[in-house]
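A.B. asks: First to last, the protein sequences are chains A, B and C.
Note that this note's numbering has the first sequence beginning at 1, numbered continuously upward.
Note that this note's numbering has the second sequence beginning at 1, numbered continuously upward.
Note that this note's numbering has the third sequence beginning at 1, numbered continuously upward.
By construction, these hints were calculated from the structure, which means they are not laboratory data.
The reader is advised that the hints may include incorrect statements.
Where chains are identical, the list cannot tell them apart; a pair therefore holds if satisfied intra-copy or between any two copies.
Capping the alpha-carbon separation at 25 Å, the derived lysine to any residue pairs in SDA-like fashion look like this [claimed, not checked]:
#: 1; residue 1: Lys16; residue 2: Lys66
#: 2; residue 1: Lys149; residue 2: Asn167
#: 3; residue 1: Lys119; residue 2: Glu82
#: 4; residue 1: Lys153; residue 2: Asp96
#: 5; residue 1: Lys186; residue 2: Thr74
Computed from a predicted model, the values in this text were never measured in an experiment.
Now for the letters of each chain:
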Amino acid sequence: MRFDRLIKVLLPHDEKFYSFFEESSNNLVKGAELLKTLPAASLSEREALVNKMKDFEHEGDSITHKIFAELNSTFVTPFDREDIHVLASALDDVMDYMDGSAGRFALYKVQECPKDMAKLIDTLHSSIVELNRGVSLLRDLRQSEEIQKVLQKVNEYENEADSIFENAIAALFEHEKDPIKVIKLKEIYVGLETATDKCEDAANVLEAILIKHA
Amino acid sequence: MRFDRLIKVLLPHDEKFYSFFEESSNNLVKGAELLKTLPAASLSEREALVNKMKDFEHEGDSITHKIFAELNSTFVTPFDREDIHVLASALDDVMDYMDGSAGRFALYKVQECPKDMAKLIDTLHSSIVELNRGVSLLRDLRQSEEIQKVLQKVNEYENEADSIFENAIAALFEHEKDPIKVIKLKEIYVGLETATDKCEDAANVLEAILIKHA
Amino acid sequence: MRFDRLIKVLLPHDEKFYSFFEESSNNLVKGAELLKTLPAASLSEREALVNKMKDFEHEGDSITHKIFAELNSTFVTPFDREDIHVLASALDDVMDYMDGSAGRFALYKVQECPKDMAKLIDTLHSSIVELNRGVSLLRDLRQSEEIQKVLQKVNEYENEADSIFENAIAALFEHEKDPIKVIKLKEIYVGLETATDKCEDAANVLEAILIKHA
């Protein structure tokens with residue numbers, strides 16, 4: 001039996017952490033795919049979508065809870081405890097901000113999704129797909145080049161999101177004369193942009209884990 | 001002398017941490033009780049209430065400072081250092097958001113407290129009373145069922161607060177035509193809702209401590 | 001060879017951490033000095049200033065990245081790992097909020113910088129200069145009285161900033177009738193005030209380090 005296999009038998013907790021993180025990031029992908037359908041959905045379809053997103057959010061909460069419970073009851077962990085904590089929290093935050101943005105989109109009865117908002121959602125989706133790939137690579141840190149590519153991609157999407165966000169907010173203030181609409185749309189933009197920030201936070205933990213295990 | 005007593009003599013620091021956390025959560029109860037009087041207070045009474053809240057906030061800062069100083073100068077702590085840090089910070093945050101909300105309520109010269117805001121304050125108060133009970137249970141972690149009840153209650157109050165908050169914001173955008181008032185009231189609602197979030201953060205630390213010492 | 005010198009030879013990493021933190025806080029001083037020129041700059045000069053600030057922000061990101069990489073690849077650190085992490089993050093946050101505020105100032109095409117905003121920038125600048133002094137004192141923690149003075153000063157500046165902020169927001173709501181302008185200016189004020197909060201967070205880490213090494 002190879003030593004690393006032996007370790008795995010002795011420390012079955014590791015497997016759980018990998019699985020939980022994959023569950024969490026797969027759940028994010030499902031949320032992001034749903035979010036992408038929101039701009040084109042009719043007002044009557046929105047409620048079902050928002051409820052579905054709320055289900056994903058509850059599912060995410062439950063996964064995060066499992067990770068924390070496992071962390072608190074496990075003595076030996078595959079990565080630093082702090083990294084597990086921060087990664088789980090960042091993934092949870094991505095879902096919270098997606099859910100919050102979708103919820104506000106419906107709650108505020110936004111008539112039409114601005115083009116910039118649909119673009120921002122696309123970028124967020126791309127970032128989450130990439131992040132999901134990065135999380136699945138945690139099981140084999142020898143694939144460090146692949147992980148590096150993920151980190152770079154998530155970084156690029158974050159910069160793209162920043163730039164879409166800034167243009168969108170500038171245009172909003174320039175063209176939208178109804179201050180109530182400005183408040184509503186700005187809040188949704190901030191939520192989506194924060195979700196991409198949290199993807200980057202999650203990717204930063206992947207990088208930290210990679211460096212420590214290099 | 002029983003061994004756990006002996007430990008206590010050798011480690012008098014433990015006692016300090018329990019006392020400081022109780023001071024902190026008792027202080028929150030005082031703040032929440034004061035906050036409950038704000039909706040019915042006349043404009044002329046408000047200033048005194050807000051000043052009193054500021055006193056509680058300073059008191060909270062001083063307790064938090066004592067906890068951090070004790071933590072930094074103590075080698076052996078009754079719980080994980082990280083948990084002590086996060087719990088102290090979360091309790092401090094609850095007070096900061098209560099104080100900020102009360103301060104804005106006066107600063108923004110809100111003429112009348114909306115009913116939803118009074119309801120949100122009631123829910124926050126209930127959550128803080130429950131949290132205070134949970135903190136006092138830290139001294140005897142064998143009462144794990146009682147602590148579990150606290151956690152469940154704080155969770156329920158947080159969900160209740162979310163729902164009050166969402167309805168309130170929807171109603172605000174629906175009925176309030178003055179955008180300046182929307183901005184002001186929304187900010188106070190966000191502050192109060194964030195205070196209940198921070199109660200949940202604090203309760204999550206209690207849960208983590210419970211799991212580790214199970 | 002004195003023992004502490006020997007340690008330094010054996011642990012050249014320490015030197016790097018001190019240098020990186022000094023780089024980071026020097027970079028903040030440069031940013032704050034630039035920020036001070038913004039209120040008096042003409043609309044046409046602003047773009048160059050904002051671009052320069054963005055350069056400082058990228059520089060700050062790169063320093064923070066070096067600190068985290070060093071932290072993750074170093075086993076023995078001059079202070080607690082957690083303190084290094086929180087200090088680096090707080091310094092990074094100060095820059096992010098300065099950059100964000102400057103960017104919004106230009107993006108929102110604010111015609112004239114309100115006097116309170118210029119005052120808040122001055123206070124932020126003073127706090128950063130003091131913080132920079134505190135960071136340079138980390139190399140010799142025996143100068144604890146000097147560090148204490150820094151902490152007190154940063155605290156005073158934070159209180160000053162709070163008070164300027166509250167007055168500014170009250171005045172904004174009182175006198176500005178255009179809700180769009182209220183939204184824009186309020187957001188910039190919040191960014192600047194948050195930057196001073198982050199200075200205090202950084203100073204709190206200095207205090208924690210001081211207590212632990214007393």
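A.B. asks: Does each hint fit the structure? Answer for all of them.
C.D. replies: Verification of the supplied hints:
no.	hint	result
1	Lys16 - Lys66	within (10 Å within a copy, 32 Å between copies)
2	Lys149 - Asn167	neither (27 Å within a copy, 43 Å between copies)
3	Lys119 - Glu82	neither (34 Å within a copy, 37 Å between copies)
4	Lys153 - Asp96	both (22 Å within a copy, 21 Å between copies)
5	Lys186 - Thr74	neither (42 Å within a copy, 42 Å between copies)
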